Structures are given as structure tokens and as C-alpha cells.
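Undergrad: This is what each chain is made of:
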Amino acid sequence: MEQLIEELKREIIEVLNLEGMKPEDIDENAPLFGEGLGLDSIDALELIVLMEKNYGIKLQNANEGKEIFKSVRVMAEYIKEHRTK
Amino acid sequence: MDIFIRSASQISFQQPLDMQWLTAPIFPSVAFNPPLEPDYKQFVSPVESRRMGHLLKRAVAVSLDALRKGDCSMPDAVISGTGLGCIENTEKFLNAVIDNEEECLPPTPFMQSTHNTVSSQIALKLQCHGYNSTYSHRGTSFDSALLDAVIQIQLGQIGSALVGGYDEMTPAYFRMLNKLGYWRTDEASDVDSLQKSGRVGSISGSSAVSLLLTSSPSSEKLCQLYGIEAFSCFEKNQLPAIYHDFLLKYGIVEADIDAVMCGFSGDDSNDEMYRYFVAECCPQSDVLWYKHLFGESFCASAFGVYAAACCLHQQKVPTHLYYMKERKRDKIRKILVFNCFQNIDGSLILLSL
Numbered sequence: 001m002e003q004l005i006e007e008l009k010r011e012i013i014e015v016l017n018l019e020g021m022k023p024e025d026i027d028e029n030a031p032l033f034g035e036g037l038g039l040d041s042i043d044a045l046e047l048i049v050l051m052e053k054n055y056g057i058k059l060q061n062a063n064e065g066k067e068i069f070k071s072v073r074v075m076a077e078y079i080k081e082h083r084t085k
Numbered sequence: 001m002d003i004f005i006r007s008a009s010q011i012s013f014q015q016p017l018d019m020q021w022l023t024a025p026i027f028p029s030v031a032f033n034p035p036l037e038p039d040y041k042q043f044v045s046p047v048e049s050r051r052m053g054h055l056l057k058r059a060v061a062v063s064l065d066a067l068r069k070g071d072c073s074m075p076d077a078v079i080s081g082t083g084l085g086c087i088e089n090t091e092k093f094l095n096a097v098i099d100n101e102e103e104c105l106p107p108t109p110f111m112q113s114t115h116n117t118v119s120s121q122i123a124l125k126l127q128c129h130g131y132n133s134t135y136s137h138r139g140t141s142f143d144s145a146l147l148d149a150v151i152q153i154q155l156g157q158i159g160s161a162l163v164g165g166y167d168e169m170t171p172a173y174f175r176m177l178n179k180l181g182y183w184r185t186d187e188a189s190d191v192d193s194l195q196k197s198g199r200v201g202s203i204s205g206s207s208a209v210s211l212l213l214t215s216s217p218s219s220e221k222l223c224q225l226y227g228i229e230a231f232s233c234f235e236k237n238q239l240p241a242i243y244h245d246f247l248l249k250y251g252i253v254e255a256d257i258d259a260v261m262c263g264f265s266g267d268d269s270n271d272e273m274y275r276y277f278v279a280e281c282c283p284q285s286d287v288l289w290y291k292h293l294f295g296e297s298f299c300a301s302a303f304g305v306y307a308a309a310c311c312l313h314q315q316k317v318p319t320h321l322y323y324m325k326e327r328k329r330d331k332i333r334k335i336l337v338f339n340c341f342q343n344i345d346g347s348l349i350l351l352s353l
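These protein sequence lines are chains A and B, in that order. Read in order, the letters of the first sequence are residues 1 to 85 in this note's numbering. Read in order, the letters of the second sequence are residues 1 to 353 in this note's numbering.
Okay, chain B solo, but in the shape it has when bound (with noise of 0.2 Å):
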């Protein structure tokens, strides 16, 4: 059964649910990136934001926005990917605890603590009563609730699903990642110094990013979704394995993926294994990036998604995406995005156009 991104939405520091990053990206300069914020009025009222954190309002608005997009007013299922749900209701209520000696603990940031609240915020949204589901995999979160919209839809259980990735970077969470030596200096946090090897650190950044996936083809899609495969502790040498058992599971061959988006992020122990993979497996193919516009998170593999949707629907490339091999193509059919967490966890999804 094929399956399609009809349409798609991200806040992030880029212009939020906008796709201005092709044409004029914010290039960040410092490691500590906030999102530009849409104004939620749109979205919800301040009577239903008013107890709403950050991440859930920007994965209420990219949700809506995305529906919006793509013409549907109801989907089958509501699935997110998250690392660590609303972390900023997290450090209140843990703040509270200490503050006031576990006494007179306020309801509302343990409540949206956990990590479903944030499906489950947008499903009360919608009025959504379908399947609602969370995943929280570190860094491959996204990557398993596109697996689970996938197999839902091939399973012919839902006929749509609104698939998200939402992740925030807090700076008190910024600062214990940056004494464990996570992030860049300000200085060295520019896209020339990311892409030079030999470094340590990446620039952070927060995710929000909705897709609507749909089996019915509709003329406004952004393309479809071809294959999926997500893997666990492998040894690097079997990398190449991976990738051609699924090339063999999906027909086709290299020759057909005219690029490959990694998540290079400018630390040498994260982009190690996407260099590897792009020497072993696709030397043939452009090799793009992403987290240079969008920052790193447990969810930035849901921007690599996504910005490869929105380059597949322009058929454009925009040469700052590019990480090396600028080609000339006429036509951009198929991008792989590839996505490892930790040289631990990884995903390979295929986009087609």
C-alpha cells in the first residue's frame, strides 16, 4: 500500500510553519537556539493555553497547522515522537518538590510531565478518539512513531495518522548538557566551524514537526513515503549490510536515491557514522544535512523528514543544504534520509517523489 506525506509543519528557530528556511535560512551563530514562537492565538484560546507549557502549544499549533495544509480536518491517529515530553513542566514540578520540601505540589506541571501528554493534548484538540500513541526512544522517537503510522496504514487499521516529533531544549537542560561537553562554544557554533572535522560539541535546538501521512494519493502531497526500516545496536561494519537488505526489501538500487540527508551535527563521535555510511554505502549520491538549520534533539531526525519532504515537493535542492557533492539533476526522484543516535540506534526512510 503506498503511502504519502500529504503535508507538514515545524516550529523551530527557522520562520515557524513556514517553509522560508529553502530560500532565506537563519543561520544560528551561538549553540543555544530558541524557536521562534507563531502567535498561538491562532490556535488556541488563552483559556486552553493557559495551562499549556511551551511544547504542547508548538505541538498543537504545527498539528493544526499541518491538518490545515493538508485539507483534513480529522485523522485516523494521533502519534508522537518525544525524548523527554515537556521537560520544562518537568524541571517546575521537580523545582516545586525541592522548593517547598515535597509539600503543596502543583498539579498542573505534573500532570503535563509525563510524556504522552503531548498526543494526547493534540488529540483532545482535535476531538480525536482514534489511535493515540507515544514513543520515547532517545534519539530515534520520530523514527519509531513513523514506524508505527506506517505499519497501522499497512495494516489497513487507520487511513491517516498525524505523525510528530516535539522536543524542547530548556536552558537549564542546555546547561548540565553543556558541562557534559554536548554543545558548541558560541564562537565555534557557525556552519563553516560545524562542518570542519576534528570537533567536539553540536548547536542545540528544539523540535516541533507534524506530518500528515495519508494512504489516498491527493495532488497536494508532498511525496511519498517509500520505505521505512528502523535498527538497534549494530556494529558499524554492518551498516552496509543493513542498507542493501533494504534496498533488496523495497526494489530498487542505489543508482535510484539521488541523495542522502544525514544528521551531521558537527561533533565528530555523531557524524563518524554518517560519513562512514556515505563512503560505504551511497558514494554516488548528493549528501545532505540538516541540523545546521534546525539544531540537535532527540526529534531532529523528524526536520530530516521533513526538510526532505518539502525539497522532494520543490524539486529543489537549496545549495545550503548541501554537506558535500553538489550535483546538477533534472529531476529529484528518491532521498534517503538516514538517522543514527549514538552510534547506537538508527533509521533508514525512504522519501519518493
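One chain only, chain A, in its complex shape (with noise of 0.2 Å):
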């Protein structure tokens, strides 16, 4: 699981850009949305497009999102759960 948190925190940092951030600069345990990173609407795209390009997930139901993109451990365990690829 640790070794997963790390691989998307490098990812994230990668497709939305985050310049000047290192993997160890992200609590995996803080919200995506509002504080924490202070991510927005355009990021969640992208973090959708990113589990369905790395991870093989497709998400049906856009209200998941919410739950999902909690907090980069949220995310990770998701990910190990329904991940196909």
C-alpha cells in the first residue's frame, strides 16, 4: 500500500502539473478538495482520466468521486481494490 501511495503521489504531481512539489510535500491523509492540495473541478478530470489510463478504472457513477477522491490514501486503496491493469 505504501509503495502504491508513493507511485500516485509522483503521478499526481505529474499530470496536474505541480511544480516545485515532491511526492513527501503531500499528506496522504489530507483532502484532495477544498484544503489540502486545494485541487478544483478540472483536477478531478484529470484524476479520472489518470485511473482509467494507469489503473484500468473506469468511474460509472460521478457521485464515487466524492468518496474516492478524499485523501490520496482513499484513492489508493480504491485503486488496490478495482484496480485492472
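These are calculated hints, taken from the structure and not from any lab test. Since this is a predicted model, take the numbers as computed values, not measurements. The beta carbon of each residue, even a glycine, is placed where N, CA and C say it ideally should be. Please note: incorrect hints may appear among the correct ones.
The following label-pair restraints were derived from C-beta to C-beta distances [stated by the list, open to error]:
| no. | chain 1 | residue 1 | chain 2 | residue 2 | range |
| --- | --- | --- | --- | --- | --- |
| 1 | B | S218 | A | E67 | 52 to 58 Å |
| 2 | B | E48 | A | E14 | 17 to 23 Å |
| 3 | A | E35 | B | D39 | 25 to 31 Å |
| 4 | B | D330 | A | G20 | 49 to 55 Å |
| 5 | A | N17 | B | C233 | 52 to 58 Å |
| 6 | A | D27 | B | S218 | 27 to 33 Å |
Given two chains presented individually in distinct reference frames, assemble the corresponding complex, making use of the accompanying hints.
TA: Structure below.
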């Protein structure tokens, strides 16, 4: 799990172009949206694409995103359970 | 109504946001010339800029810099010209379409691949809710944007406008155009080679130029925008008539024009019209050029206007801007910028002290 969290942090930094940020700067338990990283709705789209492209997970229900994107750790747990690649 | 260019800013392969090119120009020696990037953190925070491609960062930076130099916090309008918009983002999106087999497409490059992203992004940054428009008319995109601003000011719709010309040359786009013979070989990209006739190809550049236009005179203005005319689908032999109609319209004679700023690029198919124009229309004027300092791009004419405005303001034309015929003048009062794209579309823009 810790390895997946680390990998996910690196991918988030890359796809969201979080310049100057390192994986250790992201608190895996902090909220991704609003507080914490302060991401917005366009970032949510980028994360949905990331999940599909890198882990083969297609989110069918937009409301699921609210739960899944609570934090990096929650996201990693969901990926671990549902990944197809 | 008088219209003034109050301030201007540029990013190119010359020193950015600066007029050092007047005294210490950088002469390119190769055909591909990426711009010198300023420190964008002084204009946009890393959080704001993380979704911006290079062109957007440049556009926002020159816009904010022009406003700062013109002591204006909010223009009434943002009007931009761009030949291809954010081509870097377009490439990213199209590559993703191929690489991901039309699935899992990234939203940010898609959103920013549209041409009007540039004007929108500038307006968003300024929180400017006024008139916002983008012109994408290939080599006369900037000229069209400038014409729109002039008309809007003359109609009394706006009192000021931020007018820009923005285009970027990416390595992939450069390679494609290179296959079509658009560019010089690196060995023939120096200034001396560019002035020799019988040559094909020019040197590339990326354009980011912003001008602040106002209807109110200011002691800090660069110059007056005295007249502008855009024309399409003209024959070469119609050019003298177009020129003389232009002079009549603005109540001036040929002798009033001290210099003509032309878009000579080193490519004979481009330069022929400029040679004809100089010979037939204004043989008594000094002939200046700018593409050897800023490169060829769809919005290169923005540099012509910018360079002419700077010369009028400084009351000095540096030697390296003369294409031919340098004369000693006590005062430079009027410079005419002539732009011609592929011998099809053209514009005359007259700047005055």
C-alpha cells in the first residue's frame, strides 16, 4: 500500500503539473479538494483520466468521485481494490 | 478621435520585457529560435500557472507588463490575434488521441488548444469583464485585432484596449514546416544571408507582443496610432492605389512618412512584394525591417508595430533596423508599417510621434 501511495503521489504531481512539489510534500491523509492540495473540478477530471489510463478503472458514477478522491490514501485503497492493470 | 499606444511589452528571442534589442540586439544564427523566458513567478503564481502552456504564460506576462508600464490597472477590452493559438497544447492533445487510442484524453490540453484561450486567460487573470475577442486570420491576425480595437475606440465603445499578437513555434511544428521548405538552413540564417536575394526560407520565431491602446493622451505614450487599413485578395499592381488611397484618407503625403517598416524575412517569395512596395510607393522613405530580430511567425507584424513605436518614442532608429537607405533625420515623425501575408492579405499601419 505504501508503495502504491508513493507511486500515486508522483503521478498526481505529474498530471496536475504541481511544479516544485515532491511526493513527501503531499500528506496522504489530507483532503485533495478544498483544503489540503486545494484541487478543483478540472483536476478531478484529470484524476479520473489518470485512474482509467494507469489502473484501468472507469468511474461510472460521478458521485463516487467524492468518496474516492477524499485523500491520496483513500484513492490508493480504491485503486488497490478495483485495478484491472 | 486620436488613439495612442501608451505602452508595450514583448517576449521573443531578444531580452524579454525589455527594449535592449534597440541597443544590444541578439542576432540569430540558426533557424529555430525559442524565446528567452522571463521569471513568470513575478506575474503568475505556480498554482495559477500550472495549467498554462508556454504561450499563455508569455501572453499573461506581456499583458501585465504592458499595463504596468502604461500605469493602467484595467483595460476596457482584451483583443488578441493568433494564427494557431496554443499549438503546444493542441499537439499534446492530438498526441494523446493517438497514444491512448482515442480514450483517456487529458482535459487541460483540450481546453487550452482553442484559439480564444489566450484572450480569455488574460481577461481571467485581470478579472476584465469587458469586450473580449480573438482574431485568427493567419498572417494578419494581429492586424485584425488592432483594427478591431481602433474601430471600438472610434465608436466610443471602449476607451482603452490591450491588443496582443501571440504565436508559438514548437519543435514539432518547426520540423513540419521545415519539410515544406519554410526555414533556412542554420548555415544561412545569419543577418547577411537573410538580406541576399534569390534565397528561400526564413528564420522562425515565437511572438508575444502586447500593446496598450488608449484614447486619452498621456505624456508617457509611445506614439500615436495615426491610421490603419487592412485589405485582402489584392493584386500586386493594385498596391500603389491602395497606398495612395490610404494617404488621402489620412490627409498626408508620401514625404510625411519618414520610414517604412516592412516584413522582409529573407524568403524571396515573401520579400518580393515588399521590394515592389518600396520601389513603387515610397522610394524616398527609409526602409526598416524587424524579422531578423524577432523571426517569422503568424503574428510577426506585431513586432513591426512594436519596433516602430519604440523607435518613435526613442526618436532613434538603430542601424541594425535599416534594411536599406539610411538617411540622417533631425526628427522621426511618422513610420508606416506594411505587412503582407503570402501576397494575399495585407495591412498598412501608420504610427506618428
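Undergrad: Evaluate each hint against the coordinates.
TA: Hint by hint, here is what the structure shows:
1. Checking the proposed 52 to 58 Å range against S218(B) and E67(A) shows it holds: the Cβ atoms sit about 57 Å from each other.
2. Restraint check, E48(B) to E14(A): a C-beta distance of roughly 19 Å satisfies the suggested window 17 to 23 Å.
3. Between E35(A) and D39(B) the beta carbon distance is about 29 Å. The supplied range of 25 to 31 Å therefore holds.
4. Between D330(B) and G20(A), the C-beta spacing of about 54 Å keeps the proposed range 49 to 55 Å intact.
5. A beta carbon spacing of about 43 Å between N17(A) and C233(B) contradicts the range 52 to 58 Å that was offered as a hint.
6. About 51 Å separates the C-beta atoms of D27(A) and S218(B), a value inconsistent with the hinted range of 27 to 33 Å.
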